[in-house]
Structures are given as C-alpha cells and as structure tokens.
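Colleague: One line per chain: the protein sequences are A and B, in this order.
The C-terminal residue of the first sequence carries number 247 in our numbering, and the numbering is unbroken.
The C-terminal residue of the second sequence carries number 247 in our numbering, and the numbering is unbroken.
Treat the hints with caution; some may be incorrect.
[Claimed, not checked] Residues from chain B that face chain A, not an exhaustive set, calculated with beta carbons under 10 Å:
no.	residue
1	LEU73
2	PHE74
3	ALA76
4	ARG149
5	LEU155
6	VAL173
7	GLN174
8	HIS217
9	VAL221
[What the hints assert, rightly or not] Straight-line C-alpha distance at most 20 Å; calculated EDC-like pairs for lysine to aspartate or glutamate:
no.	chain 1	residue 1	chain 2	residue 2
10	B	LYS239	B	GLU87
11	B	LYS216	A	ASP202
12	B	LYS239	B	ASP228
13	B	LYS238	B	ASP228
14	B	LYS222	B	GLU87
15	A	LYS216	B	ASP202
16	A	LYS216	B	GLU208
17	A	LYS238	A	ASP195
18	A	LYS238	A	GLU102
19	A	LYS238	A	ASP202
20	B	LYS222	B	GLU212
21	B	LYS216	A	GLU208
[Unchecked claim] Interface residues of chain B toward chain A, partial, derived using beta-carbon atoms under 7 Å:
no.	residue
22	ARG62
23	TYR180
24	PRO205
25	THR211
26	SER213
Don't read these hints as lab results, they were simulated from the structure.
C-beta atoms are modelled at their ideal positions from N, C-alpha and C, and glycine is treated no differently.
Take a look at the letters that make up each chain.
Protein chains: 2
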Amino acid sequence: MTSRRQPVCIELPDWLFDALDFQRAYATGEQRMALAISLSARNVEHGGGPFGACVFDMRNHQLIAAGVNRVEQTGLSVAHAEMMALMQAQRRLQSWTLRADSVPGCELVTSSEPCVQCYGGIYWSGIRQLVCGARRSDVMALGFDEGPRSEDWTESLQKHGTAVKTDVLRDAAVEVLQAYKKRGGLIYNP
Amino acid sequence: MTSRRQPVCIELPDWLFDALDFQRAYATGEQRMALAISLSARNVEHGGGPFGACVFDMRNHQLIAAGVNRVEQTGLSVAHAEMMALMQAQRRLQSWTLRADSVPGCELVTSSEPCVQCYGGIYWSGIRQLVCGARRSDVMALGFDEGPRSEDWTESLQKHGTAVKTDVLRDAAVEVLQAYKKRGGLIYNP
Chain A
58 MTSRRQPVCI ELPDWLFDAL DFQRAYATGE QRMALAISLS ARNVEHGGGP
108 FGACVFDMRN HQLIAAGVNR VEQTGLSVAH AEMMALMQAQ RRLQSWTLRA
158 DSVPGCELVT SSEPCVQCYG GIYWSGIRQL VCGARRSDVM ALGFDEGPRS
208 EDWTESLQKH GTAVKTDVLR DAAVEVLQAY KKRGGLIYNP
Chain B
58 MTSRRQPVCI ELPDWLFDAL DFQRAYATGE QRMALAISLS ARNVEHGGGP
108 FGACVFDMRN HQLIAAGVNR VEQTGLSVAH AEMMALMQAQ RRLQSWTLRA
158 DSVPGCELVT SSEPCVQCYG GIYWSGIRQL VCGARRSDVM ALGFDEGPRS
208 EDWTESLQKH GTAVKTDVLR DAAVEVLQAY KKRGGLIYNP
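Make the full structure from the sequences, and use the hints.
Modeller: Encoded structure:
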C-alpha cells in the first residue's frame with residue numbers, strides 16, 4: 058500500500074519557469090495581463106489548455122508565482138491555471154491565506170474569467186485583487202463548460218474583500234482561445 | 058531559482074492510511090458515511106479541521122481514496138477534505154475525470170456539504186454520486202464561511218450527471234463540528 062501514501066505532487070513545466078522573470082516590475086495592468094496571456098499561448102504550443110494565470114505582489118508589481126492549465130498532464134481536474142498559480146504563491150509565501158500579515162497584498166491576473174472551481178479557490182486564497190482577460194462567454198463559445206458560477210460572482214468577491222476587474226486585453230486573450238480550438242485541442246466536459 | 062521549480066506536493070498524514078481498509082466492502086450508505094465522519098473526528102484529534110471525505114467504487118463499495126482537511130498543515134487553501142480525496146482518487150485511477158471508460162463509477166462521501174471551491178471541484182471531477190452528512194448551515198453555525206455557493210447547487214450537479222444525497226448521519230457529523238469548536242479549533246475566514 059506504499060503507493061497510496063505518496064503525496065500528490067503537482068508539477069509545472071520547465072518551459073514555464075524558463076519564461077518567467079521574477080525580478081521585473083510589471084508596472085501596468087496591461088503588462089501583467091500580457092504575461093498571463095503569453096503563458097496561455099505557450100501552454101497551447103506545449104499541448105496544454107489555453108489558460109494562464111499569474112500572482113503579483115501589489116506593492117512592487119513583481120511576479121510571485123504563475124500557473125498554466127495542466128489537467129491532462131497531471132491527471133488532476135484541479136490543475137486549472139488559477140489553482141496552480143495560487144498553490145505556488147501560497148507555498149512560496151508560506152501561508153494558506155494571502156491575507157496574512159506576513160505576506161504582501163496579492164493580485165491574481167488570469168487570461169480568462171474563473172470557472173466555478175477557481176472562483177471558489179480564489180475566494181479562500183486571500184487574493185486581494187482579481188483581473189480577468191477573456192469573459193466566461195468567450196470560453197463557453199469554445200465549447201468549454203464553465204460550471205454554475207453564481208450570477209453575482211464579482212459582487213460576492215468584492216464583499217469578501219477581493220476587487221475584480223474584467224475585460225483587460227480581452228481580444229488578445231480570445232485570440233489564444235480561438236487558436237486552441239483551431240488546433241483541435243481537447244475541450245473538457247463538453 | 059531552483060526552489061520555485063519544485064512541484065507542489067500535498068501530503069495526507071500517516072495515521073489516515075493506517076486507519077483505512079481498502080479491502081472492505083462498505084455495503085450501506087451509513088457505513089460509508091460513518092467512515093468519512095470517523096476520519097473527520099480523528100483529524101480533529103490530530104489538530105486538523107473537522108472534515109473528512111471518501112471516494113468509493115460504486116460497483117463493490119470498496120474505498121478508492123480518502124481525504125481530510127489539511128489547510129493548516131499543507132499551507133494550501135485548496136486542501137479541503139473533498140479536494141484531497143478527489144486528487145488521490147484521480148491519481149490512483151490515473152484519470153482526471155472519474156467518468157472515463159477506464160474507471161468505475163465513483164461516489165464521494167463527505168462529512169459536511171461542500172463549500173463553493175469543493176462544489177466546483179466536484180463538478181469537474183467526474184464524480185457520479187455525492188453524499189453529504191452535516192449541512193452547510195451546520196458548518197456556518199460554527200462560524201465557518203462556506204462561500205457563495207449557488208442556491209440550486211444540488212440541481213446543477215444533478216443536471217451535470219452527479220446524483221446528490223444529503224443529511225446522511227447528519228447528527229453524528231454535527232457532533233464532530235461541535236467538538237472542534239469546543240477545542241477552540243481554527244475557524245477559517247471567519
């Protein structure tokens with residue numbers, strides 16, 4: 058029964074870390090979103106889903122962590138881009154809440170609006186600000202099911218202390234979704 | 058930068074595996090729920106949150122995987138009992154969806170109704186049947202925030218192909234929640 062005791066390890070690909078610059082200050086919201094979208098595009102090139110997400114330090118706009126969709130590669134339905142980035146950020150900052158006094162305020166920048174799972178993950182993560190590129194409707198136009206996220210999701214997050222901004226570089230984010238569809242990429246739970 | 062490349066590994070405690078019998082057939086729904094509740098109780102004894110969850114093979118009612126809340130111990134807000142059990146099950150069955158032809162139909166039995174994150178996680182996991190002990194209102198009476206789960210969560214899951222049963226051994230599940238509160242256990246996001 059030894060194998061059952063093994064921890065579940067969730068890996069990000071080497072190319073991702075090769076692409077990241079943890080020293081740079083991504084001064085504008087567009088620069089931060091451009092990074093998330095570029096990771097989504099590269100993930101498609103590497104056979105992954107068309108989603109990328111980054112966690113930034115809100116004080117200096119430096120990158121804390123990044124993630125891409127790794128559902129197929131890891132064999133785990135939790136491995137959405139936002140969840141990957143949040144797990145990496147919490148491990149790096151050594152806190153299960155990104156609102157602890159010991160950690161800087163954190164912003165999650167994601168190439169597409171969160172599905173219901175990532176919405177819930179964001180809710181508990183302690184993220185202070187959420188910024189989205191493509192809309193839920195753009196993702197669903199591809200054939201992806203986004204799940205039954207509540208209609209007032211932005212208001213709920215805001216009441217919970219997480220500011221939400223949508224439609225940042227939406228067109229560029231949608232281009233990656235369309236490129237993925239053109240390649241015949243796997244559409245989960247269609 | 059080597060440390061950033063390390064995978065995020067999510068461990069369950071040794072006592073959990075010592076407590077599990079993967080050969081036994083848990084023939085009744087109450088037997089299966091009693092196991093999930095007993096794991097929630099033991100997790101409290103070991104300093105964890107009052108939540109336990111198990112994934113069963115629906116053909117023979119044998120245990121496939123189990124999880125307990127490990128948010129504090131792992132430093133990850135994703136480490137709710139249901140998510141831990143689902144990750145373990147997907148790794149064991151080598152499929153990111155528990156509806157693949159290669160895997161048996163799977164039932165998730167959880168000591169309390171899922172929060173919004175676990176609800177989303179269940180949605181994508183491919184679980185065929187969800188069985189809950191304590192209600193959301195029982196968990197919230199403790200002071201836990203369960204997040205903005207949509208009102209029609211059971212209907213949404215059922216439409217998605219996941220049968221839902223609630224209130225199984227609810228009183229026994231609530232007892233563990235109350236014992237946790239009495240011990241002064243940490244209440245997340247109060």
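Colleague: Could you work out which earlier hints the structure fails to respect and list their numbers in ascending sequence?
Modeller: 3, 9, 10 and 25
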